[in-house]
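Starting from the structure of chain A, add chain B where the hints point.
Single-letter residue listing:
There are 2 protein chains.
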Amino acid sequence: MGKPAIRYSDLFTKTSMAAPQEENSANARLLVRAGYVSRVMAGVYAYLPLGKRVLDKIEAIIHDEMQAIGGHELLLPGLHPQENWKATGRWDKFDVLFKTHGEDGPEYALGPTHEEVIVPVVKSFVQSYRDLPFYTYQIQTKFRNELRPKSGLLRGREFRMKDLYSFHATQDDLDAYYEKALQAYINVFERCGIGSVTVPTIASGGTFSEWSHEFQTETAAGEDTVYYSAAKQMAVNDEVKDKVLAQEDWANETLETRKTIEVGNIFKLGTKFAEDFGVKFQDSDGNSIHPVIGCYGIGTTRLLGAIAEVCHDENGLIWPESIAPFDVHVAQVGKGDELAAFTETVLAQLKALDLDVLLDDGPGSFGSKMKDADLIGIPVRIVIGSRAVKANAVEVKRRTDKDAEMIALDALADYFRAG
Amino acid sequence: MGKPAIRYSDLFTKTSMAAPQEENSANARLLVRAGYVSRVMAGVYAYLPLGKRVLDKIEAIIHDEMQAIGGHELLLPGLHPQENWKATGRWDKFDVLFKTHGEDGPEYALGPTHEEVIVPVVKSFVQSYRDLPFYTYQIQTKFRNELRPKSGLLRGREFRMKDLYSFHATQDDLDAYYEKALQAYINVFERCGIGSVTVPTIASGGTFSEWSHEFQTETAAGEDTVYYSAAKQMAVNDEVKDKVLAQEDWANETLETRKTIEVGNIFKLGTKFAEDFGVKFQDSDGNSIHPVIGCYGIGTTRLLGAIAEVCHDENGLIWPESIAPFDVHVAQVGKGDELAAFTETVLAQLKALDLDVLLDDGPGSFGSKMKDADLIGIPVRIVIGSRAVKANAVEVKRRTDKDAEMIALDALADYFRAG
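First to last, the sequence lines map onto chains A and B. Using full-length UniProt numbering, the letters of the first sequence correspond one by one to residues 1 to 419. Using full-length UniProt numbering, the letters of the second sequence correspond one by one to residues 1 to 419.
None of these hints come from the bench; they were simulated from the model. All C-beta atoms in this analysis are idealised placements derived from N, C-alpha and C, irrespective of residue type, glycine included. There are no misleading hints in this set.
Calculated lysine-lysine pairs in the DSS-like style (CA-CA distance at most 27 Å, straight line):
hint : chain 1 : residue 1 : chain 2 : residue 2
1    : A       : K52       : B       : K180
2    : B       : K3        : B       : K397
3    : A       : K150      : B       : K99
4    : A       : K123      : B       : K150
5    : B       : K371      : B       : K402
6    : B       : K351      : B       : K390
7    : A       : K52       : B       : K280
8    : A       : K86       : B       : K99
Reference excerpt, derived from the structure (chain B facing chain A, CB under 10 Å, subset only):
hint : residue
9    : S16
10   : L79
11   : V121
12   : F167
Next comes chain A alone, as it looks inside the complex:
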């Protein structure tokens, strides 16, 4: 048995048919118009009830996949001690770091990433090789002082992010876990409905290691360019293209150029942060050595924006079923006791099918309700009007279909069970 339907009017948001002037990206224009988000200022959004529901579904998938690879959830703070960022040399070098003053003098960083907190936090627990490996993650709010926030939810000053950190006794152990994490990331994007357009992409490992991997989602509005090998099911990014193609096993690949958005990345950090904070353990031979660390990020609000960027048409959003805010959008057109009673009968059937329902029984016209339903983009729309009551049937349309069909009330369960 599912939950009772939620009345659209209780969510307090409304759609807007006018495109917001300050938004230049499809994701923000649609998400603002449909009432999923509200722009608080450049690069900072509020996630309204519809948007929060989508974000929750995305994050539930990520929780599931992170726990499947042994991740245990924690929650690290947004306020970081200055000394931690000085210890890693990033206080002055990390170019989007927000800083704030405490009343009593000390400056804090607002966390744009959490190596500076997680590594000192685990320090007292890592004493022996028997304490390793372990994997811990959070989904939490990050701050980055972007000079020019842009592309709606894709590059903000404040965003939510899943960051997992893995701690290992040996490089081999990190290498093996990294492959598991890469597969978990493929699963996340597949389950969020953008698997077919998202590819792991070889990128630079920066100062930490030779390579890292990005996950790049193809879209016309993409700000990155990657080169995709269908044979390898792997892409390379611009930055490392020449270096990768110089390798023997990539030399003869046929590459397809794609415009993409980065939706995740995974990194081997080596021992840098363990060295900075003096984290050491005794290996099985009694030597005192540093653990090697991996980090694995997905911006969850960015992913929401990327999915909106990929999954829409000229009429509005088209959510993948797995992350849609509701399963069914029921629009009751008209009023009256008989109609309301019929709607209740339909809602009871949908509840028995464990479907989450958004009910629009407000005073709007047929036309405006259909426009709203297209804009909001819930996978299935059911229209209930006086015709429905007479026919003892409802008008059902998938968001991806062109035409609606009449489904008799006693065939509705089969319609949804058939999927």
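Just chain B now, with coordinates in the frame of chain A:
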């Protein structure tokens, strides 16, 4: 069917028998020692896997009660535009406001509360009396630049808080909703296991209205003093005591003085914030007027600290069942295939009972494992040693009991079903 048991060693945290020197409160001393939280700096904590599980359970109860009074969840940002705080006159007056500079000049506030964001966010959606009332809430991270953070999790520079905002066409409608919210708060504290020591307390309404209500939890370490009337099941705080007792219906009350911690408060804000942001709607007579607003807060990390403050003894934490990180703590003492197989049998039974289990099968001694179990404070402890295998029974002890009892394996389900 429940989830598989979680191995204590996978959580990566360890208990510590030494009291942390920098902590002067029972809640922080115990939560740090037991591995629930880690102090990042004064007033800022990391919530480790055990602590995150308790926080999740507390927040799930709050979600449930807020949704039961019509609340729909959203998520507002931590970064606030300076102009919003100037609009309410609180930019210079709110004395614990953290401020931070953007790269391109503007200053931001770090949200210590969210009237300055929610009111402008809803503005475009409130046009007619038909759009009211509505209720929306979030559970999110707040920042307050406390001069002297103290009392562990009770007064921090960063903390999580549930804040619900209600919007009404009339004062009467707000008044009626306020009573529902007050009852929902009583439910929250009851369900979190501190109902018997938590009382609604009349407090000042500040500049907004005559009265507000705090929820005050009795504890020896309380920093507040309230005066409780058993007949009214209501207390008054220090600030308004004289004014309340001057009222006829309080004049003859017998009052009991209690040391308490504030764990929640509810406020009628009137029209102040709607005026500041020019939020107006047309009433049924066509007049353009301001909605009246209520706000309702619970610090969820503070509540966790308060529960720890109330629910412990000299050996450690004693979690109420509803919010314990796990239902059962299984300590396997010793090693060997036979013992491990017996443990698996016990775990399978607990899983079938849908109980969440923490499994400590590490190398520790019986004594250290019992000390750990007391310190961590999970409601039921099961010890499995060689004696258990021979007897085909396990040693079971509730955290609140003095002595353990042997329960035959085939009676274990009944033990838990009896509750």
